[in-house]
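Chains as they are written, first to last, in our numbering: chain S, 711 to 993; chain B, 711 to 993.
Careful, some of the hints might be misleading.
[To be verified] Okay, derived cross-link-like pairs now, EDC-like style, lysine to aspartate or glutamate, Cα gap no bigger than 20 Å in a straight line: (1) K978(S) to D850(B); (2) K988(S) to E937(B); (3) K733(S) to D884(B); (4) K988(B) to D912(S); (5) K978(S) to D965(S); (6) K977(S) to D818(B); (7) K978(S) to D836(B); (8) K988(B) to D927(S); (9) K732(B) to D912(B); (10) K978(B) to D914(S); (11) K988(S) to D927(B); (12) K879(S) to D914(S); (13) K969(B) to E948(S); (14) K969(S) to E959(S); (15) K733(S) to D765(S); (16) K732(S) to E787(S); (17) K969(B) to E937(S); (18) K732(S) to E846(S); (19) K977(S) to D912(B); (20) K988(S) to D850(B); (21) K978(B) to D912(S).
Just so you know, these hints were derived from the structure itself, not from any lab. Keep in mind it's a predicted model, so treat the numbers as computed, not measured.
Number of protein chains: 2
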Amino acid sequence: MFNNAAILGVGLLGASFSLALKKHGLCGNVCGYGRSRANLERAKEMGIIDSFAADPSDACSDADLVLLAAPVGSFAELVKRASSSLKNGAVVTDVGSVKGRLVYDLEDSVPSGVHFVGAHPIAGSDRSGITYADPELFRDALCIITPSHRTEPAALKAVMAVWNSFGSKVMTMDPDQHDRVYAAVSHLPHIIAYAMVNAVSDIDRSFFSYCGQGFRDMTRIAASSPEIWTDISLLNRENIREMIAVFRENLDRMDAHLKASDAEALKKHFVRASSSRKRIGQD
Amino acid sequence: MFNNAAILGVGLLGASFSLALKKHGLCGNVCGYGRSRANLERAKEMGIIDSFAADPSDACSDADLVLLAAPVGSFAELVKRASSSLKNGAVVTDVGSVKGRLVYDLEDSVPSGVHFVGAHPIAGSDRSGITYADPELFRDALCIITPSHRTEPAALKAVMAVWNSFGSKVMTMDPDQHDRVYAAVSHLPHIIAYAMVNAVSDIDRSFFSYCGQGFRDMTRIAASSPEIWTDISLLNRENIREMIAVFRENLDRMDAHLKASDAEALKKHFVRASSSRKRIGQD
Chain S
711 MFNNAAILGV
721 GLLGASFSLA
731 LKKHGLCGNV
741 CGYGRSRANL
751 ERAKEMGIID
761 SFAADPSDAC
771 SDADLVLLAA
781 PVGSFAELVK
791 RASSSLKNGA
801 VVTDVGSVKG
811 RLVYDLEDSV
821 PSGVHFVGAH
831 PIAGSDRSGI
841 TYADPELFRD
851 ALCIITPSHR
861 TEPAALKAVM
871 AVWNSFGSKV
881 MTMDPDQHDR
891 VYAAVSHLPH
901 IIAYAMVNAV
911 SDIDRSFFSY
921 CGQGFRDMTR
931 IAASSPEIWT
941 DISLLNRENI
951 REMIAVFREN
961 LDRMDAHLKA
971 SDAEALKKHF
981 VRASSSRKRI
991 GQD
Chain B
711 MFNNAAILGV
721 GLLGASFSLA
731 LKKHGLCGNV
741 CGYGRSRANL
751 ERAKEMGIID
761 SFAADPSDAC
771 SDADLVLLAA
781 PVGSFAELVK
791 RASSSLKNGA
801 VVTDVGSVKG
811 RLVYDLEDSV
821 PSGVHFVGAH
831 PIAGSDRSGI
841 TYADPELFRD
851 ALCIITPSHR
861 TEPAALKAVM
871 AVWNSFGSKV
881 MTMDPDQHDR
891 VYAAVSHLPH
901 IIAYAMVNAV
911 SDIDRSFFSY
921 CGQGFRDMTR
931 IAASSPEIWT
941 DISLLNRENI
951 REMIAVFREN
961 LDRMDAHLKA
971 SDAEALKKHF
981 VRASSSRKRI
991 GQD
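Could you build all of it, start to finish, from the sequences and the hints given here?
Next up, the structure:
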């Protein structure tokens, strides 16, 4: 499908993507680029990438497919640095958690004849790094592709075919709508989990040793990479702040019912949440 | 160890306690009481209880051990109704998530010669009901026993021996301290998970279908029983409201950093939360 791919950012997602490309025979040679030479050397030893380059433009010079898999805040700079060497007809895609304006900016910054197609596999976790890389990471996971009116149809088709080959459930969504949806179901939950853990720290750090499975599950995402989540939070900050406001209204309502010892009103909120959550299912 | 036990409230915890008593040979006969006759009949068919009674006082008339395992808001009433039939020397204990003043109140309301010892196994989940009853539910789980200065030493020893037999990690804690600790690491997280799910409902219910594992893990406890959690929330409302205030300060700080696009300040909060959460471990 592709002769050469370049993975810019060889972490959990970039490495898993590379392994999946190889497993499904979609690409001959994969060249990696990243900030840590030690990590690139290890990725090569582990058979995740075939070679690596000291510069994004060197990594991309032969690539038919370029994957942006570093923290989203660095995408613009990576494309800028790779730009001069991008081949005519190359497809640039990504695994970033933010789309919206970033998609339009990247479309603007790739050279004419190079096609950007945004993608967001819903397969991240609190884990990061190539140690957990897995060619099956994306199987059965949602992958949201975010074409715009400028997206080249053949490039879109190629990117969708890659994710379909990986066994993902592929959907398309408008880039701006994507950012609203994921502000609500992913970015806000991360902010809240971080705030929850810090609140317990503020109260008494020794309390952590008494926590049960509920607290562990609820705060698992607070172990996620601070660097990745700082980038995501800032790039999607307007949507996230809107969601924080809606969340805060809900919390304030419950707090008011607690203050008033209003059992019936409180229970109504719990019933509503419980039935919504049960409809999502357990896994 | 005991000839007869009474389980007042045959749900997930009461049924699992009964099965564990039987499995470890700690009790001859277990009599159940609960609001739903159909549930009691099913519990008897499943071998969870040996018999059941239509009234708490009938259930307790022969009991050496009485377990309060209904929603905590009903404990006072249950003890009042059972009081006249409680045997001299009987031990009354519970599996409730709130202690504090409730412990002192129950100590006051059991007849002279009957001993109350509070206990809180950290083994609940979003599941409820006897379908999930399991004699091994409490193995390796924390169980917090909350003696007061009035607790009878032999009764305390007997209750601790029961939980040790079940394979729990048994600890003692002051009843008021218990309520502060669990307001922070259990009650607040439940309130937040309920508010999180309702916030997404308010924004757009269709967004639920795009959620990933992070959202599922984070909101799993929002599927918990509204009845149980209304009782817990109101009984421990002062501590919970204090924790909500600390949480809100943390959320507001992050929101301010988002507003100011202050990457460094935001990242500091994320780093602090991430390292705290990593120290707790993953399971």
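Satisfaction of hint between D912(B) and K977(S), Cα-Cα up to 20 Å: holds, 17 Å
Satisfaction of hint between D914(S) and K978(B), Cα-Cα up to 20 Å: holds, 19 Å
Given hint D912(S) paired with K988(B) - CA-CA distance at most 20 Å: holds, 17 Å
20 Å limit on alpha-carbon distance, applied to hinted pair K969(S) and E959(S): Distance of about 15 Å is within 20 Å: holds.
20 Å limit on alpha-carbon distance, applied to hinted pair K988(S) and D927(B): Measuring from Cα to Cα gives roughly 13 Å; hence the hint holds.
Given hint D914(S) paired with K879(S) - CA-CA distance at most 20 Å: violated, 43 Å
Given pair status - E846(S), K732(S), alpha carbons within 20 Å: holds, 11 Å
Satisfaction of hint between D850(B) and K978(S), Cα-Cα up to 20 Å: violated, 34 Å
Satisfaction of hint between D850(B) and K988(S), Cα-Cα up to 20 Å: Violated, because 27 Å separates the two Cα atoms, which is more than 20 Å.
Hinted pair K969(B) and E937(S), Cα distance within 20 Å: holds, 18 Å
Restraint status (C-alpha distance of K732(B) to D912(B) at most 20 Å): Status violated; Cα separation ~47 Å.
Hinted pair K988(S) and E937(B), Cα distance within 20 Å: holds, 15 Å
Checked against the numbered hints given earlier, the structure breaks hints 1, 3, 6, 9, 12, 15, 16 and 20 and satisfies all the rest.
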